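Here our numbering is used: position 11 in the first sequence is 11, and no number is missing along the way.
Just so you know, these hints were derived from the structure itself, not from any lab.
Note that the structure is predicted; figures quoted are calculated from it, not measured.
In this text, a Cβ means the ideal position worked out from N, Cα and C, and glycines have one as well.
Please note that a few of the clues may not be correct.
For each label pair, taking beta carbons as the anchor points, the in silico distance ranges come out as [to be verified]:
1) Arg141 x Asp111: 23 to 29 Å
2) Thr79 x Asn57: 41 to 47 Å
3) Lys167 x Arg59: 35 to 41 Å
4) Tyr77 x Val107: 22 to 28 Å
5) Ile110 x Gly178: 19 to 25 Å
6) Val48 x Asp185: 18 to 24 Å
7) Ala161 x Thr61: 33 to 39 Å
8) Tyr80 x Leu3: 32 to 38 Å
9) Arg118 x Ala161: 33 to 39 Å
10) Arg162 x Asp125: 26 to 32 Å
11) Ile93 x Asn57: 16 to 22 Å
12) Thr61 x Ser168: 16 to 22 Å
Mimicking SDA-like on lysine to any residue, the simulated pairs with C-alpha atoms at most 25 Å apart in a straight line are [what the hints assert, rightly or not]:
13) Lys167 x Pro196
14) Lys114 x Lys167
15) Lys31 x Glu108
16) Lys167 x Arg12
17) Lys92 x Phe30
18) Lys152 x Arg51
19) Lys152 x Val29
20) Lys121 x Phe56
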Amino acid sequence: MNLRLPRGFYRRDPVTVARGLLGQQLVRVFKGQRLAGIIVETEAYLGVIDRAAHTFNGRRTPRNEAMYADGGTAYVYFTYGLHHCFNVVCGKINNPLAVLVRALEPVEGIDVMKRHRRAAKRRTDLCSGPAKLCEALAIDRSFNTTDMVESKTLFIEQTRARSLPAKSITVTPRIGIGYAREWADKPLRFVIINHPHASRPPVKHP
DNA sequence: CCCGTGATTTAT
DNA sequence: TAAATCACGGGG
Numbered sequence: 001m002n003l004r005l006p007r008g009f010y011r012r013d014p015v016t017v018a019r020g021l022l023g024q025q026l027v028r029v030f031k032g033q034r035l036a037g038i039i040v041e042t043e044a045y046l047g048v049i050d051r052a053a054h055t056f057n058g059r060r061t062p063r064n065e066a067m068y069a070d071g072g073t074a075y076v077y078f079t080y081g082l083h084h085c086f087n088v089v090c091g092k093i094n095n096p097l098a099v100l101v102r103a104l105e106p107v108e109g110i111d112v113m114k115r116h117r118r119a120a121k122r123r124t125d126l127c128s129g130p131a132k133l134c135e136a137l138a139i140d141r142s143f144n145t146t147d148m149v150e151s152k153t154l155f156i157e158q159t160r161a162r163s164l165p166a167k168s169i170t171v172t173p174r175i176g177i178g179y180a181r182e183w184a185d186k187p188l189r190f191v192i193i194n195h196p197h198a199s200r201p202p203v204k205h206p
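Required output: the full structure, derived from the provided sequences and hints.
Next comes the structure, spelled out in structure tokens:
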């Protein structure tokens, strides 16, 4: 039985949390059944100083309120009229930092995920993007503000005690934030190296 | 490449 | 009140 990640895991800076989440297991209990996948891709959002973050410059609105909660809270929002994105709030209360979970390798409940993802042709299409994984695991706005240290239906299990070694992680700029000027190019996206379930084809590593 | 789709935010 | 924007995905 895997241990759930404790509060202290989340109450750290988003880069450390983004790296530390790689290889851990996201679990959603859907109608009593476990849907789970290994986290293979994340992005760090650095709060009030980060032009790409929803909380840039201290912005605080009904939508992003969850980011001001304690580390371990879920921040789920709806975008482009179609899609949900799932974030892990980190740091301490009132410091609005977060990690976007961008891709999973499906492990449990794969048949249910396939049903939720009619458009997916291959197993690598099931959870290889932030909105895809929300559709596969049936994560919607009703999970916004969920405390993942306590919740029975959405939480993260520890599959490894230490973060993956740096040399097995590829670091790149974040996806889809070209508007963020000097923040657009910062190396804040973390992917398990050459992983087939990442949101885009793995960078070939010599 | 292009476009759907609608909540949210920002500007009037 | 209106317009613009958007942590995306699917189909050409």
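**Report entry** Hint check against the structure, violated hint numbers in rising order
**Finding:** 2, 5, 12, 14, 17, 18, 20
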